[in-house]
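Order-wise, the sequence lines are chains H and W. All letters in the first sequence, in the order written, are residues 1 to 243 by the working numbering. All letters in the second sequence, in the order written, are residues 1 to 325 by the working numbering.
Be careful, since some hints might not be right.
Cut-off 16 Å, straight-line C-alpha distance, at most; resulting in silico cross-link-like pairs (EDC-like, lysine to aspartate or glutamate) [claimed, not checked]:
#, chain 1, residue 1, chain 2, residue 2
1, W, LYS237, H, GLU60
2, H, LYS128, W, GLU70
3, W, LYS230, H, GLU60
4, W, LYS230, H, GLU77
5, W, LYS237, H, GLU57
6, H, LYS128, H, GLU147
7, W, LYS237, H, GLU65
8, H, LYS105, W, GLU70
9, W, LYS230, H, GLU190
10, W, LYS230, H, ASP102
11, H, LYS128, W, GLU250
12, W, LYS220, H, GLU77
13, H, LYS151, H, ASP138
14, H, LYS204, H, GLU190
Cβ pair distances, simulated, as ranges [said to hold, decoys possible]:
#, chain 1, residue 1, chain 2, residue 2, range
15, W, GLY108, H, GLY192, 54 to 62 Å
16, W, ARG255, H, ARG150, 42 to 50 Å
17, H, PHE38, W, PHE5, 18 to 26 Å
What the simulated footprint calls covered on chain W by chain H, stretch by stretch (three residues with Cβ under 8 Å from a Cβ of chain H suffice, anywhere in the stretch; the number is not a length) [as the list claims (entries may be wrong)]:
#, region
18, 217-226
19, 233-242
No lab work stands behind these hints: they were computed from the structure. Fair warning: this is a prediction, and the values are worked out from it, not measured in the lab. Beta carbons: idealized from backbone N, C-alpha and C, even for Gly.
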Amino acid sequence: MTQLALVIDLNVCVGCHACVTSCKEWNTSGQAGPMSDFNPYGADPTGTFFNRVQTFEVGEFPNTETVHFPKSCLHCEEPPCVPVCPTGASYKRKEDGIVLVDYDKCIGCKYCSWACPYGAREIDEQQKVMKKCTLCVDRIYDSTLPERDRKPSCVLACPTSARLFGDVHDPESEVSQAIRESGGYPLMPEWGTQPANHYLPRRKTKLRIHEDELVRADNPLKVDGKLPKPAKAEPSLDDVTSW
Amino acid sequence: MHPAFSVIFLTTLIGVGQGLFLALFTVESYAAFDLLPPQAGRFYALGSMLALGFLVAGLIASFFHLGHPERAWRSAAKWRTSWLSREVIVLPAFMGVVFLYGAAHFTGFNPALATLPSGVPVNVTAILGVAGTVLAFALFVCTGMIYACLRFLQEWHTPLTVINYTLLGGASGFVLATALAALSAPEVAGFYGGWAMILTLLALVGRAASLLRNARLRPKSTLRTAIGVKHPRIAQKAQGAMGGSFNTREFFHGRTAAFLRQVKWLFLLLAFILPLGLLAGGAATGSAALLLAAFVVQYSGLLAERWFFFAQANHPQNLYYQAVS
């Protein structure tokens, strides 16, 4: 069975919000209707977004680290938002594991948003239906697009390739390898929702230099310059090595 | 959570309707076994009409919660998995039975369908009453489970939620039945008054138990599990939007902790302490006005109780919305 998902590399994300804007641009122009904004140029602008980048500071000054944290629907394998929906508007697709909302069936009761521990769902105040990330379902299967463009628009927009997209059930996929080899983890594992999206942790790049690597072993007198030329009779390096 | 007034009115109003119906049928079944003096059909018809009125008012209130009320019929579809869907089915079924029960008493169409071995006749209203009782309890369970089944809302995820919905609804219904009986069936007013006080006391015990439980809760989710960084010091610096979003409106009550504490003491006073005093006073003097006041005071207390119930629940998604920028 296929389970499409995103893997987000927190080590690479620079917090530029390109995924946020490209997501909004693609999904607000789709057939499903706009993701409405209210007061966009006023004092309290608000609107519907499928994806947000948040920023956290870890540690205490001066030993702090900034973590940019993109957050969208995690397309859980056990989505708590789906069984609570009274109309069946919220559903998880069998064929690829994407959790979707049927905007024509949604009654806007907001119960699914209460049932999501991640706050991934937002009601569209104009259309009065619940909306969430669709993994760009109208794009990834579009055969009129070139093969390399059949990815969620956030993935295509990311300038640092912090977002990977693929099937996490296929052990050989790029995302499965990233999860396996770079320590991918799910959010809030304590609720048993089994999010399909995974995050790759921040990694420290450390270079260990030993003392003897700083000193030229073949220069015991620490005098720079040409090495003394050995006498004709003395053995040279050519006599003891094979190169 | 942000307390929505539509849901506050829905849950409190249908609670009164359910409790009142249970009170009516309690007296009818006691009377069938000669434990209480039999009442005229008018009393039950009047009571059922009143109960139906509360149920209809609750149903109307619930529509204000929906973005698309015209599609509300769709919400009966997923009764296999969704407690909300089950409530949507049970509520109209219960309303229908309450209507039939009242209509049978109003028209006097009440033939005995069978006779118990002890010689007690089983009337149409007895069958309807039993069906209504089952549905009333089923509705309490559905309403409570809508909240109790959300496992990460730890304040709600307890059997106490269902128990308290049942006890609070039952208490308010019996208090209203006491006032109604004082006006139209004085012989059973004492019986109702006693049970109203017992139920109010039980509801106080149940609600106090859930308050104590919730005061000791430790949130399972922390910022560490929320973003997956194992560090004791994590502070949010930006939430991705500066003007607020659905996530900042729907899941925060927007009041201070001191305000919440005041509401807690207010509802403990209005929903339990004052009504108990008024019920005792009404029982002593037989004054319908005092009993009616007991109901009005208790109902306003229940509105505060329900507001607090929602406001107290701390949704784990709030971890992602601690700071604007």
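These are the hints, each one checked on the structure:
no., hint, in the structure
1, LYS237(W) - GLU60(H), "holds, 13 Å"
2, LYS128(H) - GLU70(W), "holds, 12 Å"
3, LYS230(W) - GLU60(H), "holds, 14 Å"
4, LYS230(W) - GLU77(H), "violated, 24 Å"
5, LYS237(W) - GLU57(H), "holds, 6 Å"
6, LYS128(H) - GLU147(H), "violated, 35 Å"
7, LYS237(W) - GLU65(H), "holds, 12 Å"
8, LYS105(H) - GLU70(W), "holds, 11 Å"
9, LYS230(W) - GLU190(H), "holds, 15 Å"
10, LYS230(W) - ASP102(H), "violated, 37 Å"
11, LYS128(H) - GLU250(W), "holds, 14 Å"
12, LYS220(W) - GLU77(H), "violated, 20 Å"
13, LYS151(H) - ASP138(H), "holds, 10 Å"
14, LYS204(H) - GLU190(H), "violated, 27 Å"
15, GLY108(W) - GLY192(H): 54 to 62 Å, "holds, 57 Å"
16, ARG255(W) - ARG150(H): 42 to 50 Å, "holds, 48 Å"
17, PHE38(H) - PHE5(W): 18 to 26 Å, "holds, 22 Å"
18, 217-226, "holds (count 5)"
19, 233-242, "holds (count 10)"
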